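Undergrad: Sequence:
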Amino acid sequence: MSIDTVVFDLGGVLIDWDPRYLYRRLMPEDEVDAFLDEIGFAAWNHAQDAGGSWADAVAAHAALHPHRRELIEAYPKRFVDTLGGPIPGTVAILEELHDSGVPLLALSNWSAETFQVARREFAFLDLFDGIVVSGEEQVAKPDPQIFAILLDRHRLDAARTVFIDDSEANIAAARSAGLVTIHYESPDRLREQLVEIGLLLSLRPLSPPGAEPA
Numbered sequence: 002m003s004i005d006t007v008v009f010d011l012g013g014v015l016i017d018w019d020p021r022y023l024y025r026r027l028m029p030e031d032e033v034d035a036f037l038d039e040i041g042f043a044a045w046n047h048a049q050d051a052g053g054s055w056a057d058a059v060a061a062h063a064a065l066h067p068h069r070r071e072l073i074e075a076y077p078k079r080f081v082d083t084l085g086g087p088i089p090g091t092v093a094i095l096e097e098l099h100d101s102g103v104p105l106l107a108l109s110n111w112s113a114e115t116f117q118v119a120r121r122e123f124a125f126l127d128l129f130d131g132i133v134v135s136g137e138e139q140v141a142k143p144d145p146q147i148f149a150i151l152l153d154r155h156r157l158d159a160a161r162t163v164f165i166d167d168s169e170a171n172i173a174a175a176r177s178a179g180l181v182t183i184h185y186e187s188p189d190r191l192r193e194q195l196v197e198i199g200l201l202l203s204l205r206p207l208s209p210p211g212a213e214p215a
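In short: position in the sequence shown from 1, add 1, done, that's my numbering.
What the hints contain is simulated information worked out from the structure, not anything from laboratory work.
Mixed in with the good hints there might be a few duds.
[Said to hold, decoys possible] Estimated spans, in silico, between C-beta atoms of each pair:
| # | residue 1 | residue 2 | range |
| --- | --- | --- | --- |
| 1 | Arg161 | Glu96 | 20 to 26 Å |
| 2 | Asp127 | Arg25 | 50 to 56 Å |
| 3 | Asp5 | Arg70 | 47 to 53 Å |
Here the structure is a predicted model, which is why all the values come from computation and not from measurement.
Idealized CB from N, CA, C, for every residue including glycine.
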């Protein structure tokens with residue numbers, strides 16, 4: 002059965018997001034990872050991806066870590082500083098698929114509040130036929146419910162839909178939901194995999210070093 006729809010994750014696949022980009026501006030670089038571990042950043046952020054309010058999250062977390070209050074408050078206030086920009090090679094693939102008429106969707110773990118920042122920053126998000134944002138749905142990957150929302154809302158045949166994500170846990174959950182999956186590693190590898198399943202016709206020829214673009 003041929004694949005006719007592509008679903009992209011956003012952070013780490015199309016958008017270079019990393020909280021370290023912000024905190025390296027606010028503290029010595031060699032202290033950033035210890036700080037993120039200290040406040041349990043990954044779980045804290047995931048709770049907001051699943052629909053929590055940043056105002057409530059900041060208040061509760063600052064109460065637990067009062068000596069870190071300013072750093073905790075900085076995250077939602079300066080969220081734009083966590084965005085390194087688009088991942089050009091993957092965005093080029095997205096544009097090629099769009100130009101070929103392939104239906105495109107996104108399924109992303111993202112706070113409903115901070116996703117508005119991404120909307121303003123990245124014009125390529127307009128190429129999607131629909132975007133399922135975990136914070137808006139009040140449930141986040143890898144919960145099976147969010148895959149059911151994606152499939153039902155967009156009337157997808159899971160066996161004809163490929164889901165691209167950089168998280169092994171999310172890939173496993175998508176596979177359990179019946180989706181075809183690609184574990185994202187790099188733009189070049191993704192291009193190879195999409196050629197293999199027939200969504201891109203061929204690999205782009207690489208220009209010799211120093212050659213001028215045609």
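Undergrad: Tell me, which hint numbers fail for this structure?
TA: 2
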